[in-house]
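Visitor: Keeping their order, the protein sequence lines are chains A and B.
Its first residue numbered 1, the first sequence is counted upward by one per residue in our numbering.
Its first residue numbered 1, the second sequence is counted upward by one per residue in our numbering.
Simulated from the structure, these hints should not be mistaken for lab results.
Hints may be right or wrong, so weigh each one.
Stretches of chain A that chain B covers, calculated by requiring three or more beta carbons in the stretch to come under 8 Å of a beta carbon on chain B [as the list claims (entries may be wrong)]:
(1) 197 to 208
(2) 229 to 242
(3) 259 to 268
(4) 275 to 285
(5) 305 to 318
(6) 356 to 367
Ideal Cβ placement from N, Cα and C applies to all residues, glycine included.
Protein chains: 2
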Amino acid sequence: MTTTTATRRDFLKTATLAAASLPLAGLWPRAARAAEPGRKLGFALVGLGSLSTHQIAPAFQNTQHCRLAGIVTGTPAKAARWQAQYNIPEQNIYNYATMDRLADNPDIDVIYVVTPNALHAEHTLKAARAGKHVLCEKPMEVSSEKCQQMIDACQQAGRQLAIGYRLHFEPNNLECVRLAREKVFGELQMIQAGFGFRMGDPTQWRLRKALAGGGPLMDVGIYALQATRYLTGEEPESVSAVATTTDHVKFAEVEESLVWQLKFPSGVIASCSTTYAFGGMRGYRAYAEHGSFGLDPAYEYDGQQGTRSDGQAIALPHMDQFALEMDDFAQCILNNQPTRVPGQEGLRDIKIMMAIYEAARTGKTVALS
Amino acid sequence: MTTTTATRRDFLKTATLAAASLPLAGLWPRAARAAEPGRKLGFALVGLGSLSTHQIAPAFQNTQHCRLAGIVTGTPAKAARWQAQYNIPEQNIYNYATMDRLADNPDIDVIYVVTPNALHAEHTLKAARAGKHVLCEKPMEVSSEKCQQMIDACQQAGRQLAIGYRLHFEPNNLECVRLAREKVFGELQMIQAGFGFRMGDPTQWRLRKALAGGGPLMDVGIYALQATRYLTGEEPESVSAVATTTDHVKFAEVEESLVWQLKFPSGVIASCSTTYAFGGMRGYRAYAEHGSFGLDPAYEYDGQQGTRSDGQAIALPHMDQFALEMDDFAQCILNNQPTRVPGQEGLRDIKIMMAIYEAARTGKTVALS
Chain A
1 MTTTTATRRD FLKTATLAAA SLPLAGLWPR AARAAEPGRK LGFALVGLGS LSTHQIAPAF
61 QNTQHCRLAG IVTGTPAKAA RWQAQYNIPE QNIYNYATMD RLADNPDIDV IYVVTPNALH
121 AEHTLKAARA GKHVLCEKPM EVSSEKCQQM IDACQQAGRQ LAIGYRLHFE PNNLECVRLA
181 REKVFGELQM IQAGFGFRMG DPTQWRLRKA LAGGGPLMDV GIYALQATRY LTGEEPESVS
241 AVATTTDHVK FAEVEESLVW QLKFPSGVIA SCSTTYAFGG MRGYRAYAEH GSFGLDPAYE
301 YDGQQGTRSD GQAIALPHMD QFALEMDDFA QCILNNQPTR VPGQEGLRDI KIMMAIYEAA
361 RTGKTVALS
Chain B
1 MTTTTATRRD FLKTATLAAA SLPLAGLWPR AARAAEPGRK LGFALVGLGS LSTHQIAPAF
61 QNTQHCRLAG IVTGTPAKAA RWQAQYNIPE QNIYNYATMD RLADNPDIDV IYVVTPNALH
121 AEHTLKAARA GKHVLCEKPM EVSSEKCQQM IDACQQAGRQ LAIGYRLHFE PNNLECVRLA
181 REKVFGELQM IQAGFGFRMG DPTQWRLRKA LAGGGPLMDV GIYALQATRY LTGEEPESVS
241 AVATTTDHVK FAEVEESLVW QLKFPSGVIA SCSTTYAFGG MRGYRAYAEH GSFGLDPAYE
301 YDGQQGTRSD GQAIALPHMD QFALEMDDFA QCILNNQPTR VPGQEGLRDI KIMMAIYEAA
361 RTGKTVALS
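Please model the complete structure; the sequences and the hints are all you need to start from.
Guide: And the structure:
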């Protein structure tokens, strides 16, 4: 087995070349552009849970165009801790009642919404009305209607809206996209993708339907769904699904495990799985006429690695995905260019996931428009 | 990573212990019994295609209780070649018109049916009427009705009928059954299983619906289906499925690729795939509460190997599966004991596969009785 490795410079060089010549250009990181040199956009994080604490806040150190300028939290103790740790000015600290006043704060350019799923629209709308650009964590919201409201609000405010699909910036995933689109192993035929983990804490908001909108599908299955879409470059035309629950106490409101199948216009079929019942399912494999390739793990914050049926490894250097994602959004804003992960991309996933739930509920294949 | 290996003696010892104490006893090889010492049952092979030529005929050398005593073939040149190679007496060579005369031949005890799927009933019925026991290759037939006719015919003749499910005798598969049934990683939650290959020869009888009854599902997908059933020890209660065809010339009569989902009474869901479009999909993985295990490859004539999430390998010694299967059937006959792979087992798979086709055709979940 040989190993494909490259430096960050190599990767960006490749990415730039690819961006100039391939239809998947939209998926590749842009090389840094010299727009308003030295200007870093001020981000305010809304919701200081685990993701903000352990991933996003530290990632600012790895960005070129972003700075952690403010926070919105309902927990005064967190506000004090973050203020001290990140040297956040007093006037850039908000709670959910005061965040409307962001409109008066020119130090904040972007609101990064990291609250529970069913609060994304509320916080995005507030941010848009305050004239801020919005980066919103996935899943975008818990219904298509609320996603559309978010898109409309940002459009009306003349501000950009991006969804936190960090894997669109992850080199190993992009390499798999390249293998698929360049048909390195021939035409794609089938994709198998799954992501899940064993949910330990029964008090998690992710188990409450009102806040999460659904179970593991909304939380981690969305990565498997995304993979099938960025590997094929197509939109699924129909979906079937089966859900199961064995622990009816912990999973009284949302599904415990779910498997679904997508059919794409080219004839590719995808078989996907998600769960809160067990770990270890964390990758995807794409099968083409003359070979296969995939990542395992594929979706984590770090550690992506993969294999190809010709014996080559997929082992591009790991990069801070949150930093890449935020820097890309900052550049889109600074250069007034569209993001590759707009609200429409988030809405598309929500529509498909709602169809998956419908298919599981009715036992019927659901056609997607 | 440590490796679990064992000698054949160890394996049979374990198997014997397990047979005495576990509900899966029926799946374990029986230790040899001293019935009619020295007596080897005479087998006649019906259909001298690739499987008979390259796997079954050579396997007789590895049996203790079986001998290749006769053949039934429609090709005189093959008859001559086999007669010479295996020293088969002239009077034990039949064609499809003369095989009724098997009734007068006490040298033949068992007919092993290795013809195209849609001929299994015809040849099984002829064998049963001639008073012979029947070992029939999988899939049992192309419809439930024909399977039932086979079961009835053998029962009326007072002869045994077994289906060639060789993996019920394969040590690494049996080890996975043990891991599942003994709940080594806790309760089973989900199974992913797939088997396929790229069909090169467009003139294959396997691409003709009238002979094959279906496409890759009937041919190799059945192994994935079997795996979900022997791992869970349950019968699925419902199935959904999606079929796809991209090459409409080669696959004018049968499906090219198919994915299906099974739900079991315990709540376990299985996500399965099969194809004639590409290779490389050849294993299964079972996910339980606290870990996972599986084989890749799982279904081949040789080379099974597997991994467990605790880092142990599954690497029991490879054995001649056809020899194990034939010896077990011979012992069942000699000792007048039921086979672990009876016609009812074959019928069950056919019923499920017909439901899978119905689900793919209608886009609706099909309940299984």
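Visitor: For each hint, tell me whether it holds in the structure or not.
Guide: Now the hints, each set against the structure:
no., hint, in the structure
1, 197 to 208, "violated (count 1)"
2, 229 to 242, "holds (count 4)"
3, 259 to 268, "holds (count 6)"
4, 275 to 285, "holds (count 5)"
5, 305 to 318, "violated (count 1)"
6, 356 to 367, "holds (count 3)"
Hint check: violations occur at hints 1 and 5; the rest are consistent with the structure.
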